[in-house]
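Colleague: Protein sequence lines correspond, in order, to chains A and B.
Be aware that the first sequence starts at 1, since it is given in the working numbering, and climbs by one per residue.
Be aware that the second sequence starts at 1, since it is given in the working numbering, and climbs by one per residue.
Treat the hints loosely; a few may be bogus.
For the chain B half of the interface with chain A, some residues (derived, Cβ under 10 Å), not all of them [claimed, not checked]:
1. N50
2. N78
3. L80
4. L122
5. P156
6. P186
7. A274
8. E277
9. V278
10. Q286
11. E290
12. M327
Covered by chain A, according to a simulated footprint, are these stretches of chain B (three or more residues, beta-carbon under 8 Å) [what the hints assert, rightly or not]:
13. 36-47
14. 356-370
Since the hints were derived computationally from the structure, they do not count as laboratory data.
The beta carbon of each residue, even a glycine, is placed where N, CA and C say it ideally should be.
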Amino acid sequence: MKTTLPNLRLASHWVNSMLSVRSSTLALTVALSLIAGAALCAGQSATDRNIQGLQVRAKIYPQDYRIYDGLGAAYIQKGRETADSSYYELARQALNKSLDLLSNDPGAASAKTHMAVVSMAEHQFEDAIRWAQEALALGSGDPAPWAILGDALTDLGRYDQATAAYAHLRDPADAEGASPGVAYEHDSRVAYLEFLKGDSQGAKRLMQAAISSALALHLPRENVAWSQYQLGEICFRSGDLECAERAYQAGLEVQPDSYRNLAGLGELRAAQRRNAEAIALLERALAIVPFPMYAAALYDLEIKADHPAEAKKQYDLIQFISRLNPINERLFYRELALFYADHGLKLDESVALARKEIEVRQDIYTWDILAWTLYKNNRAEEAAQAMQKALAPGTEDALLYFHAGMIEARCGHPELARTLLERALRLNPHFHPFYGDEARRTLALLAVPAGAAHRQTGAALTSVPTSTLASGTLKGRS
Amino acid sequence: MKILFLTLLLTVPAFGASPETMLPSSPAQRRIERAQAFVQQQPNRYQAFNDLALALMARAREIGDAAYYQQAEQAIRNSLRIEPGNFEGKKAHVALLLDERKYREALEEATAINHGTPDDVLVWGYMAEADAALGDYDAAEKAAQWMMDLRPGNTPAYLCGAALREDWGDIDGSLDWLSKALQETPPLETEEEAWILTRMAGLNRAIGKSESADSLLQQALKVFPDYHLSLEELARVRMAEQRYTEAVELMERRNHTFPSPQSRYLLAEALGRAGQEVRARTAFAQFEQEARSRIDQPDNANRELVLYDADRAREPAEALRIARLEMGRRHDVWTLDAYAWALHANGQDADARGQIEKALAVGTREAALFYHAGAIAAARGDKGAASRYLKQSLDLDPAPEIMDRDQQALALLFTSARDQRAH
Chain A
1 MKTTLPNLRL
11 ASHWVNSMLS
21 VRSSTLALTV
31 ALSLIAGAAL
41 CAGQSATDRN
51 IQGLQVRAKI
61 YPQDYRIYDG
71 LGAAYIQKGR
81 ETADSSYYEL
91 ARQALNKSLD
101 LLSNDPGAAS
111 AKTHMAVVSM
121 AEHQFEDAIR
131 WAQEALALGS
141 GDPAPWAILG
151 DALTDLGRYD
161 QATAAYAHLR
171 DPADAEGASP
181 GVAYEHDSRV
191 AYLEFLKGDS
201 QGAKRLMQAA
211 ISSALALHLP
221 RENVAWSQYQ
231 LGEICFRSGD
241 LECAERAYQA
251 GLEVQPDSYR
261 NLAGLGELRA
271 AQRRNAEAIA
281 LLERALAIVP
291 FPMYAAALYD
301 LEIKADHPAE
311 AKKQYDLIQF
321 ISRLNPINER
331 LFYRELALFY
341 ADHGLKLDES
351 VALARKEIEV
361 RQDIYTWDIL
371 AWTLYKNNRA
381 EEAAQAMQKA
391 LAPGTEDALL
401 YFHAGMIEAR
411 CGHPELARTL
421 LERALRLNPH
431 FHPFYGDEAR
441 RTLALLAVPA
451 GAAHRQTGAA
461 LTSVPTSTLA
471 SGTLKGRS
Chain B
1 MKILFLTLLL
11 TVPAFGASPE
21 TMLPSSPAQR
31 RIERAQAFVQ
41 QQPNRYQAFN
51 DLALALMARA
61 REIGDAAYYQ
71 QAEQAIRNSL
81 RIEPGNFEGK
91 KAHVALLLDE
101 RKYREALEEA
111 TAINHGTPDD
121 VLVWGYMAEA
131 DAALGDYDAA
141 EKAAQWMMDL
151 RPGNTPAYLC
161 GAALREDWGD
171 IDGSLDWLSK
181 ALQETPPLET
191 EEEAWILTRM
201 AGLNRAIGKS
211 ESADSLLQQA
221 LKVFPDYHLS
231 LEELARVRMA
241 EQRYTEAVEL
251 MERRNHTFPS
261 PQSRYLLAEA
271 LGRAGQEVRA
281 RTAFAQFEQE
291 ARSRIDQPDN
301 ANRELVLYDA
311 DRAREPAEAL
321 RIARLEMGRR
331 HDVWTLDAYA
341 WALHANGQDA
351 DARGQIEKAL
361 AVGTREAALF
371 YHAGAIAAAR
381 GDKGAASRYL
391 KQSLDLDPAP
401 EIMDRDQQAL
411 ALLFTSARDQ
421 RAH
């Protein structure tokens, strides 16, 4: 979409319409850095070939900063495909080399943006902000750093600032506001912010618009699949299971091995109590990318299916992945904290992990997990304070309301607890394999006279999913 | 004299900001701290020294303390010692030369870099800045156009283009591109934001929009408190509004730390217009002492000194000597104007006319420039041209100062032009 170049002597209004947006970094950013992470690339071998090709070119042209920048981007992609965080270190080395060759020019904005993406991938959100700011300070005219800046601010819970950053995602060449590429970047991100603010319908509309842009742009399959997954998540969390089903299936149609959509559909099947299908889908996802959250979901399902040996395998896998290297350890604080809290395991450690995470990430879901771990450690008052922060933006998420309801019940606020739990179930009656039933049980207890309810509720609210296997085996191991 | 500070955007990745006197540390200070930490961690990594050099230059600009340039030069030397001829090190050196107003050397080095790497946007920007400062506006235009062509929509190109448009008198175009640069300024890049706002304020003041200028400067001082460039510009606005006492207060505040000869001159002018003649004389003396010590240096205040010698000190011969010295270095609008004025002060009005017309040909719209053109025309007896120029000057600045030494005829023409304008 390159157009005639602006001329210094020309009238300003004419120049406005003639500027073209830079799309190189933007395209990479589409692929690499969307809020929940980019999708799997077209194939592992393609990325490997890309890396090998760039390595050869770097030997031939050792002074070309673009090659090292491209190599860094390729390593990032590889890291996302494999969930092997050591690739991020390789990316950082390549990007540093690029920046050694060129750092003080708009041409270096791409490498600095990729540095920001690496920092995001490693959950170094403040560093991501710094790199994105540095990229922006180079004034390349490429809006991509605004996207990463917004992402980092979102993870830090600075939603208003994130909104302001995303507002820069527009194409200066387009008088209407944005070209499809920039619109995609904008809509897919703002959809998540709208969801966090409690506007699920608005979020769905934006995400659908983003998908339309992605299709119109013929973006790579993984980007389209990622977008469908995002839509599925918004639908699922806000209780629209049909919409979620359509989105996940559409994502798998575009990219059959989209691990996110496999896992999303697996969780949906679990909510529909189609556990065998759920297990099969999550196992497929886990085979592609070993994320501990997939293993944790499988763990729950195996327990529910009374398969203690299989559950134990998942438990071991979670421990292994999380401790694979120091970066992984940091990356999965939140997942581990939730897993331990949910299952009544290593409860002290669960709070410690949540606190470590809150040091670097202050979004609502980290506050939620901190609240939940505190609750599980019988520190309900502190939990309620943390939960207030999680609920502040007004996110319509059944699991959040469930956690909040259980905490309020423990705090001795049965009316509020009832309201919150009812809201969770109204939003999505099947939001979790265990907690839907738990919410109904608690509501039943809250229905009996106040004093008795409080006592009984307190007794009933411990380590719901640790039943069967966990109490006998895993606790002993921890 | 206008200073582009093209490197500003590239050297101040900021997190919160404040000048020297305030805590916590400013964007550039943080950048220095970070760069120094990298230097300690990786003492053989040349890029760490380049980053340090740029951060030190940014700090110099933040507070107007030229002492940082020496440290920056040392950092660049370290970088080039580790990796002789490294690209970013060479670029950093050009940036330093520009900040030190060594335009001819900067142009030579930038041109050499450009021959080897013709697709680097910023090197074209350095060339444009040096070309404009040396008075080669055609070359500056070509270089700036390359910036835009290589990477459409890049902010350094907007800033460079805005400066050239200002030189050409396209104030609206300049404001438009500064606005674009401002929109692209990342959050918390406070000094950068303040710098752009201050430039925009300067343009508004130049076309008589004091209220807009005031508003922009208040915004600038809010995001970067006590910014010396914003305080200076606000003082100019106050002088244009004939609020001289406030201008004096602002300049005293500005000169509290690291006063420059130019800022001393502005304070002296403000004091004079505020009727504080004794203090004004002292301030002019301070200015003169400092400015004279720098006559032979690239980073000088020779334009101000020429005006001072011609108008206040009644040393026209000295004014012309200094103007000729400066003309040996550069031929930008302001040097041409100062030379013309010195020639006029020495009664060489035919030559003065030639020089002022060269200055005006660039297109710059500035009240002082038209005033000088009017005075020179009047001295040559060209009443028509004098009236026209003086009216243009009044259109831009309704309250200019008429020096005692100006001829009575000029004063009459001036009054006539003012009356015409009033009707």
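Colleague: Next step is simple, just say for each hint if it's right about the structure.
Modeller: Status of each hint after checking the structure:
1. N50: holds (7 Å)
2. N78: violated (15 Å)
3. L80: Violated - the Cβ of L80 (chain B) stays beyond 10 Å from chain A, reaching only about 14 Å at its closest.
4. L122: Since chain A brings a Cβ to about 4 Å from L122 (chain B), closer than 10 Å, the hint holds.
5. P156: P156 (chain B) check passes; min Cβ-Cβ to chain A is 5 Å, inside 10 Å.
6. P186: For P186 (chain B), the interface hint holds, since the closest Cβ of chain A sits about 4 Å away, which is under 10 Å.
7. A274: violated (38 Å)
8. E277: The hint is violated - E277 (chain B) has no Cβ within 10 Å of chain A, the shortest such distance being about 45 Å.
9. V278: Violated, because the Cβ-Cβ distance from V278 (chain B) to chain A comes to roughly 46 Å (cut-off 10 Å).
10. Q286: Hint violated; Q286 (chain B) Cβ to chain A Cβ min 37 Å, cut 10 Å.
11. E290: violated (32 Å)
12. M327: Status violated, d = 27 Å.
13. 36-47: With 3 residues closer than 8 Å to chain A, the region 36-47 of chain B meets the three-residue bar; holds.
14. 356-370: The restraint on the region 356-370 of chain B is violated, since only 0 of its residues have a Cβ under 8 Å from chain A and three are required.
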